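One-letter residues, chain by chain:
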Amino acid sequence: MVEQNRELEREKKVGANLEASVEIVRRLFTDTPDLFVRRLTIKQTGEKAALVFLQDMTDRASLNRDILGPLQLEAGSADGEWVTNVAVVRRESVWSVLQEAIFEGDTVLLVDGRSDAFVLDTKGWPQRAIEDPQQEPSLKGAHQGFVETASQNIAMIRRYIPHGQLKMRKFKVGERGNTNVCLLYLQDVANPDIVDKLDKRIREVEVDIIINTGELSEFIEDSPFALFPQTISTERPDTAASQILQGRCVIVVDRSPSVLVAPVNFMAFFQTVDDYSTRWSIATFLRLLRMFAFFAAIFLPGFYIAVLSFHFEIIPMKLLLTLGESRGQVPFPPFVEALLMEITLEMLREAGVRLPSPIGQTVGIVGGIVIGQAVVQAGLISNIMVIVVAFTAIASFIMPNADMTAAVRLMRFFIMIMALLFGFAGLIVGFMILIGRLIGMNSVGTAYSSPFTPLRPSDWKDTLVRVPLRLMNMRPVSNRTKQLRRQSKISDSRKRGST
Amino acid sequence: MSAAKQPVSTTQFISVITGLQASVVFLALPSNLASAAGTDGWLAIPIGWMVSTVAAVVIVRVMSYYPQGTILDLLQHFAGGWASRLAALMLAFYYFIFAYDGLIITLLVTKEWLLPNTSVFILAVLFLAPGIMIAQKGLQVISRYALIIVIMSIWIPFVYLFTLHDAVWLNLLPMLKEGWGPVFSAVRVMLYPALGLTAVFFIYPHLTNKAAAASAIVIANSLSHGLYLFITFVCFVYFSPNEIDQFMTPVIYIMKSLEFNFIERVEVPFIAFYLLIFSLDSIPSMYFVSFCLKRMINKGSIGVYLGVFCAAVLTVMLVRSPSVGHIDDLNFIMALTGILVEYILPVCLLLFLVIRNKGKKAS
Amino acid sequence: MKVHKIIRLRSWAVIGMIGLLLAGCGDRVNLEDASLPLALGLDLDENDKFHFFISAPIFSKDIKKKTREVSGKAESLRQSRAKQDSQLPGAVQGRNYQVILVGERMLRHNGWFRTLDVIFRDTRNTVSDRVIMVDGAVAPVIYLEAPDQPSVPVFLRGLVDSSAARGESVKTTALDLHRQFYEQGMTPFISQIGLEKGKITMKGTALLGKGGKYATSLGFQETVLLLLLRGEVEEGMSLSYKLPGMEVTGPFATDVLSISLGKSGAKIKTAWREGEFHFQISVKAKVSISEELFRHDNWSNDLKLTGTIEELVQRDIEKLLAKFQQHRVDPVGFGIHARAFAYPHFKQVQEHWAEELARATFDVSVKLQIESSGPIK
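Protein chains in written order, with our numbering: chain A, 1 to 499; chain B, 1 to 363; chain C, 1 to 377.
Careful: at least some of the hints might be erroneous.
Subject to a maximum C-alpha distance of 16 Å in a straight line, what follows is the list of computed EDC-like cross-link-like pairs (lysine to aspartate or glutamate) [what the hints assert, rightly or not]:
#, chain 1, residue 1, chain 2, residue 2
1, A, 318, B, 259
2, C, 347, B, 178
3, C, 347, C, 276
4, A, 200, A, 218
In short, the hints are calculated from the structure, not lab data. The structure presented is a predicted model; accordingly, all values stated were derived computationally and were not measured.
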């Protein structure tokens, strides 16, 4: 009964009677000790008024200085209206809107005799300073990471693209959470189909609350059950800006320091922002290294198992004798060996995440070395296996994207099982399944396996290799952008001849 | 039509056709040519190429009469439902044998070189699984897959260049030592390797660039035959003409001669890689079979028919356990059906369509 | 609805996988449980009964001996497998033979090559095994245990490879041998080793007749010439000659000149005249003087010296060719040339080419170009 009444009341409009309004406020905000109602008399017009706000959601200094101060102390303006020093002021009359505003940290000014209420922007919740993004450090890039306030994040992106074509669409997602979600894109570059698709998907999300960006990505992805991520989540403004310029869309979720980039293709997970600031030859080398690491991380343990259990005839003579000897001491078959070591490594890794960082690093290294040594000496695992597992772990750390790394970790076990069952044939079938998944996936309508299939050789300038920036004057065709040519004229001016 | 939603680019198209033609065939080709015509067998390849190019162009021309549909739609439009259903039946049968042949060869090669003690049945299930997974996603994904595998296999011919170290080029001389007779009889060996062109019947509506289809299929056919020529040369100069017909799969055997420091028995990882290439034969064929069946019965999704296909394959395998002699029988049936489907049928269709058009213009 | 379908599909896949796992795999043998024979020996005993010998490495730190040998009598190699398996610990899956040793007694008969059939038929074997003839019996070689040397298979393979690189012998793998046996235009040849005072030494090259019967042997220099005729000379192979007309001082061979072959090859022109094959061989080689045990004042006498050496080489080659003809062998492969350039005539005699070659005539010419004589004059 009480609930229903409250619901009804929320839809009502503010009345002119101040006392009645305050009563409604008390009824709407029961059991909310951080809500304050400050009565005052506006000096400028002599009206009675009340300020309603949530204590720690507002910037109290601003409240005191910019609202209370002027309202109570200053003389009015010529037309008899009262003034405050607040930049953003809205007039609202529906209680649900006012309630929302108060929850967001605004201050509501109820004035006796007026049938509108005024919403003054005094947002000031606790937030942290801008820091280096922890998960995506860079050598040469900016050391700014996104924070938990959407407007600040958007501001950081705007710093990279101060251009009129950077458009935003705002949504509110979540029944209880009412999270602000913002879709950013370059209007003259991004494909409007894609933007509209994303728009539709975000609108269709029905959930209580989105706590983190990751949850949102699961709702808007094409294949949420798939192993591989179809959106990139980044904490870096420069990465986000660069993706927007390539024709992709960026989704900023309030209260989360990660933003989503969609649509993406497989190769996008191997690009980092440093690739463009370092020299192109080293950038190319690193890109190739990452691709190699990807495949090594997935297939190496499986390869080891396949060779040692099925096809040891291919081992070269010199290696055969040492390998045979070291395997001879171990009681477990290669698969069990590999499984044990991999699981141990995964546990170490997960443990390292929870521990505070100096201890975590030490534990990781010491743990790895000690365990590796001890286990070999005890004759439980052969030393070749330790090398394989260590190599695999290092390879999986090379990949710049955490979601992809996670996918790799799981894929590895699947391949190990296939190798156990069928040797090389199993590896190949596993590979076929992997490829089959990758090429069948779409990310918001664009092919995941682009630019390999469909074949777009012009995009290859920025995938496995990173050609000198001078040659990269087209946006990736894979993103189906409207505008292909980037606006750089560097190549032309150089050609005109300069000393 | 759903065809528009699944576009296939030209390079993907080329990959699919080349894949269908070359993927399983290239293993034994040099032996077969040598048995038919000795070291002059390679001359049969250009002849076969010319004949199949003509067939290829005819097929594309036929499809251009009804660009928005597959051959079944074309027949339905021009000749009525019964013709379309008959064709569907024929093509389903043909591609079933195509796929079965490819699968059997894959299985036997795997069993012989990689896993001798595993039952063929289990291997069949193993290889059918990813096949079904990929085939049910439709022609677009199949074509993408073909393209990726082709890109990944580009380096393989270069490895064969290493075997030229021991090459005896004089094996090829003298040319035409017994005259043209044996060469022409060797052309029948080239019939089977050229099969696969009729994939155009199904892919044509999906092509993004239909105008380039004719040149694309010629490119694909030339690629396959170029490949055949290359490996035939390599095998002919390595193996003595007196010994080559003893090897069933000289293309694999020749790998055994390569010695590297870091790996013994080089052919094992190569065979594993070849399994990927072999899949290019069975996966599109699987899809075509299921597609035809689906059109005939008109109910259910492609996945169901793929399941039917697998059941059929496994049943046939249970009844007649695959063996090498089996392959020869299959090749024979395929050659016969192949002549019918890939050569006679398109020519008849073309004549039919041309006459019809002339008739329409006249009236 | 689609979600449920996916879940159902995945569950079936998992169940299927478990089923496959249980079905098991007969091929899975772990390395340490297997035995990998590295050397094969074939011989006939005094009663002409076929014997086989196997050497396999032992994968254990505790056992001092590096290899384990197995031998026995059998009807065929394939049948011998049962005997092998019964004496070797672990399952014998494939055979990575490094070398195949053939005893001298075996080579007294034709047709021994067919015993190697299983090596080609069973795909789990390598065919890059070096085939070696043992001047004597195989058993002592296989069972040889030298503490200062690696195990016999590894040692032999290294020996063959390094000798072949220097031209002291040839390197014939099983696949090569297969080709040589079946090719009607040539006869086979393999390396030849002997066991002297407990040490294995490379003797040279053994030439076999068409059926496989041993015909004759070539020493080191003859092997180089054979390779020269085949066009398979590698840089660094050397020939030594005693120059005529040089004085010999004391016990030392001060009339010896050694040349090191650089880029060299032999062009063979084939012709058929008056019922006989005629081969014109022109050898061209770039050489450098590697050893000169006499005083030679200056190299302005180049032409004369070069001419002398050329003559010596030519005579050497002619002697070699005569040897081939005498023993009815054709390791060079003149038959292949004959087939290529005189096919109709070759076709008539291809069944017994070696006999036909014995009637052929040769015309050898040698052209050498002395490039350098080292850093000292």
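Verify the proposed pairing of residue 200 of chain A with residue 218 of chain A, using a straight-line Cα cut of 16 Å. Roughly 15 Å separates the two Cα atoms, so the pair holds.
Given hint residue 276 of chain C paired with residue 347 of chain C - CA-CA distance at most 16 Å: holds (14 Å)
Residue 318 of chain A and residue 259 of chain B were given as a pair; does the straight-line alpha-carbon distance stay at or below 16 Å? Between residue 318 of chain A and residue 259 of chain B the Cα gap is close to 14 Å, so the pair holds against 16 Å.
When you check the alpha-carbon spacing of residue 347 of chain C and residue 178 of chain B, does it fall within 16 Å? holds (11 Å)
Hint violations for this structure: none, all hints satisfied.
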